[in-house]
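Q: In order, the protein sequence lines correspond to chains A and B.
So in the UniProt record's numbering, spot 112 of the first sequence is number 112, and the numbers just go up one at a time.
So in the UniProt record's numbering, spot 109 of the second sequence is number 109, and the numbers just go up one at a time.
If you're looking for bench data, these hints aren't it; they were derived computationally from the structure.
Please note that the accuracy of each hint is not assured.
[As the list claims (entries may be wrong)] Reference excerpt, derived from the structure (chain A facing chain B, CB under 7 Å, subset only):
1) Glu170
2) Ile286
3) Phe287
[What the hints assert, rightly or not] Below, in silico cross-link-like pairs of lysine-lysine (DSS-like), each with a Cα-Cα straight-line distance of 27 Å or less:
4) Lys173(A) - Lys128(B)
5) Lys81(B) - Lys63(A)
6) Lys114(B) - Lys81(B)
7) Lys327(A) - Lys312(A)
8) Lys128(B) - Lys213(A)
9) Lys132(B) - Lys142(B)
10) Lys128(B) - Lys179(A)
11) Lys327(A) - Lys150(B)
12) Lys150(B) - Lys59(A)
13) Lys159(B) - Lys216(A)
14) Lys124(B) - Lys139(B)
15) Lys216(A) - Lys153(B)
16) Lys170(B) - Lys128(A)
17) Lys312(A) - Lys170(B)
18) Lys124(B) - Lys339(A)
19) Lys163(B) - Lys290(A)
20) Lys163(B) - Lys90(A)
21) Lys179(A) - Lys132(B)
22) Lys142(B) - Lys348(A)
23) Lys173(A) - Lys163(B)
24) Lys81(B) - Lys213(A)
25) Lys95(B) - Lys216(A)
26) Lys327(A) - Lys114(B)
Please read all numbers here as calculations on a predicted model, not as lab measurements.
From the three backbone atoms N, C-alpha and C, an ideal C-beta is built for every residue, glycine too.
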Amino acid sequence: MGKGKRKREEGAGDAPVAAAAERAGERKAEAAGGSGKSGVLPSMIKNKIKRTELHSKLKHERKLEKRRKAKAREAASKRALELGEEPPPKSVPRTIENTRESDETVCRPDDEELFAGNDADEFSAVLKQERTPKILITTCRFHSTRGRAFIAELLSVIPNTHYYKRGTYELKKIIEYAKKKDFTSVIIVHTNRREPDALLIIGLPDGPTAHFKLSKLVLREDINNHGNPTRHMPELVLNNFTTRLGHRVGRLLQSLFPQSPEFRGRRAVTFHNQRDFIFFRHHRYIFEDKEKKDESKKGTKDVKGKKPTAPKVIARLQECGPRFTLKLISLQHGTFDSKGGEFEWTHKPEMDTSRRRFFL
Amino acid sequence: MQHDDVIWQVIRHNHCSFMSKIVTGNFCRNPYNVTGICNRSSCPLANSRYATIRDHEGVFYLYMKTIERAHKPNDLWERIKLPRNYEKALELIDKHLQYWPKFLVHKNKQRLTKMTQYRIRMRKLVLKVREKIVTMPRKQQKREARREEKAEKAAVLEKSIEKELLERLKKGVYGDIYNYPVEAYDNILNMEEMKVADVEEEEEEEEPEIEYVEGYDDPEEEEDMEDFGGFLQGGSFDDEESAQRGHPHSRSGRRGRVVIEVEHDEGAGERKKARH
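Extracted from the complex, chain A is given alone in its bound form (with noise of 0.2 Å):
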């Protein structure tokens, strides 16, 4: 009966050939019902009606089977709370950083190579506080009105900074200018498009360069509600650097701040680490006591009965500052040198290949 109604659905000129297709396609469907499968795959039918068919169906059924399975878990679940026992243990849901491929690089505690690498990098001086940092800030040889503001943020994100002109120096010229001046950090801002779309941070005297690539900046006029930044040292969170690689990133972003955290200041800035892109923010937080009350729905709520209060510390933040998200491009050893440099670590178009791979 489905093939009459088809036949009259489609017309004369092509129901021979429907039909036809739809008689293979039906044959088709046998065969491969027939030969094991539980079901037949959409995708082994020709035919582009049945095909269709047979997808919204199974897409019903599994829509269905999924509601099911959602209902069974929370009646089992509340059963079990109103009987007093433990829940079911809840299933864990899959997400790319369960599944990330593992990577024999990450840094574990009890890691002895890692303490013995940090006293011996070019880190060491200043996050031992044996010098403060001072960082030198310029940009690359065409300007732009944003890369100025930005700069002008930055400026007084990271205590201790002062901006140059570029002019026309070489950057190695820049880099011994600033060894003799003695600063620890140079940063450069690089445009394109009239947009800062690169940040370079090269450690003095002979530090690492690591070559950025900056993305999605907010500043801070663009933030609804944002607050303004204070004169105080920042507490820095870094969260998520969890290889070699990322630990030394890690360290680097560090050494740029002064080690000193005045807490009173309650300004934080966060690098925080995601699938290798290292989001920039910077927050006023305070810490605020929220009346929490106890929910448990053991017989019905007395008014006048006890209700234990518990005070729950919360934080809460205030975002100032510009946003931006960073991606390590390439790591070099030494001072900046493109083409006698030995590059640590770069990026390669085929290390996007896997979507469960990250490196920092």
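Assemble chain B onto chain A, guided by the hints.
A: Below, chain B without anything else, positioned relative to chain A:
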């Protein structure tokens, strides 16, 4: 026999593949042309006696062709290496093109001058630093943008920053700045944790012993905790227990290490659990 005029008429009036017409004039693309202009006297095809200077890897050679070798195309051009020194090269050109028409001698000397100048300039430029222009494949840009969006959503930045700050508060990094009722909070937490105590204990047995090495006594210097992936499952909860477990290491006071706080992104911790 070599009939230059005939050749010239054929080339000029019909078609010469080396000639290119621009608004300003006719130019000759023949590599053996001295001046580069398409002329009766500058055409290397229409002149059976011709001389030019060519550059090979920074060395200049004087090329000469005579009518005697016109039937041997392979040996047509005679090549003489010119010395590096500009004056000596000029003298050499004079010597070799001694009885040649003045036009050719003059044009060759002019060409030599120009080539030496641009050779000097090329060498200077190589020493200078120039910006390299790279391509930005569109597909990759789009892919990066997409991944960045998703990473930002997965990061839940505000929550993770708040969590980190709260943990620092609990750890006591801030000292006495805030009136934080530690005992009351811990009591409430312990009450709530009775329910999940069993599950947590199982997990703790499986994990390796974490040694806490305290370098500095001053809590204010430990501002920067870096997070390592996937270790202490209940690290954020078990404050008291971890303090008890941090027995002093033999090397603790000596090297001045910073306390490595073991925190993790929840997802990574779960992964480790699954592997066990």
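Q: For every hint, state whether the structure bears it out.
A: Hints, verified against the model:
Below 7 Å, beta-carbon pairs count as interface contacts, and Glu170(A) has one with chain B at about 5 Å; its hint therefore holds. Interface hint status for Ile286(A): violated, as the beta-carbon distance to the closest one in chain B is roughly 9 Å, over 7 Å. The restraint placing Phe287(A) at the interface with chain B holds, with a minimum CB-CB distance near 6 Å, inside the 7 Å limit. Pair hint Lys173(A) plus Lys128(B) holds up; C-alpha atoms about 12 Å apart against a cutoff of 27 Å.
Distance check on the hinted pair: Lys81(B) and Lys63(A) sit about 83 Å apart at the alpha-carbon level, beyond 27 Å; violated. Only pairs whose Cα atoms come within 27 Å are accepted, and Lys114(B) paired with Lys81(B) is accepted, the gap being roughly 17 Å. Distance check on the hinted pair: Lys327(A) and Lys312(A) sit about 37 Å apart at the alpha-carbon level, beyond 27 Å; violated. With a CA separation close to 25 Å, the supplied pair Lys128(B) and Lys213(A) stays within the 27 Å bound.
Of the pairs offered as hints, the one joining Lys132(B) and Lys142(B) holds, with about 23 Å between alpha carbons and a cut-off of 27 Å not exceeded. Simply put, Lys128(B) and Lys179(A) have alpha-carbon atoms about 21 Å apart, close enough for the 27 Å limit, and the pair holds. For the given pair, Lys327(A) sits about 14 Å from Lys150(B) by alpha-carbon distance, which is consistent with the 27 Å threshold. With a C-alpha separation of about 26 Å, the suggested pair Lys150(B) and Lys59(A) falls inside the 27 Å cut-off, and the hint holds.
Pair hint Lys159(B) plus Lys216(A) holds up; C-alpha atoms about 20 Å apart against a cutoff of 27 Å. The straight-line distance between the Cα atoms of Lys124(B) and Lys139(B) is roughly 38 Å, outside the 27 Å bound, and the hint therefore fails. With a C-alpha separation of about 14 Å, the suggested pair Lys216(A) and Lys153(B) falls inside the 27 Å cut-off, and the hint holds. Between Lys170(B) and Lys128(A) the alpha-carbon distance is near 25 Å, which keeps this suggested pair within the 27 Å criterion.
With a C-alpha separation of about 12 Å, the suggested pair Lys312(A) and Lys170(B) falls inside the 27 Å cut-off, and the hint holds. A C-alpha spacing of about 17 Å is found between Lys124(B) and Lys339(A), which places the hinted pair at or below 27 Å, so the restraint holds. For the given pair, Lys163(B) sits about 15 Å from Lys290(A) by alpha-carbon distance, which is consistent with the 27 Å threshold. Taken as a hint, the Lys163(B) and Lys90(A) pair is honoured in the structure, with Cα atoms around 22 Å apart against an allowance of 27 Å.
Distance check on the hinted pair: Lys179(A) and Lys132(B) sit about 26 Å apart at the alpha-carbon level, within 27 Å; holds. Taking the CA atoms of Lys142(B) and Lys348(A), the gap is near 16 Å; set against the 27 Å cutoff, the hint holds. The hinted pair formed by Lys173(A) and Lys163(B) fails the criterion: a straight-line CA distance of about 44 Å is larger than 27 Å. At roughly 50 Å between alpha-carbon atoms, Lys81(B) and Lys213(A) are farther apart than 27 Å, so this suggested pair is violated.
Restraint check: the Cα-Cα separation between Lys95(B) and Lys216(A) comes to about 69 Å, which exceeds 27 Å; the hinted pair is violated. Only pairs whose Cα atoms come within 27 Å are accepted, and Lys327(A) paired with Lys114(B) is rejected, the gap being roughly 48 Å.
Of the numbered hints given earlier, the model fails hints 2, 5, 7, 14, 23, 24, 25 and 26; all others are met.
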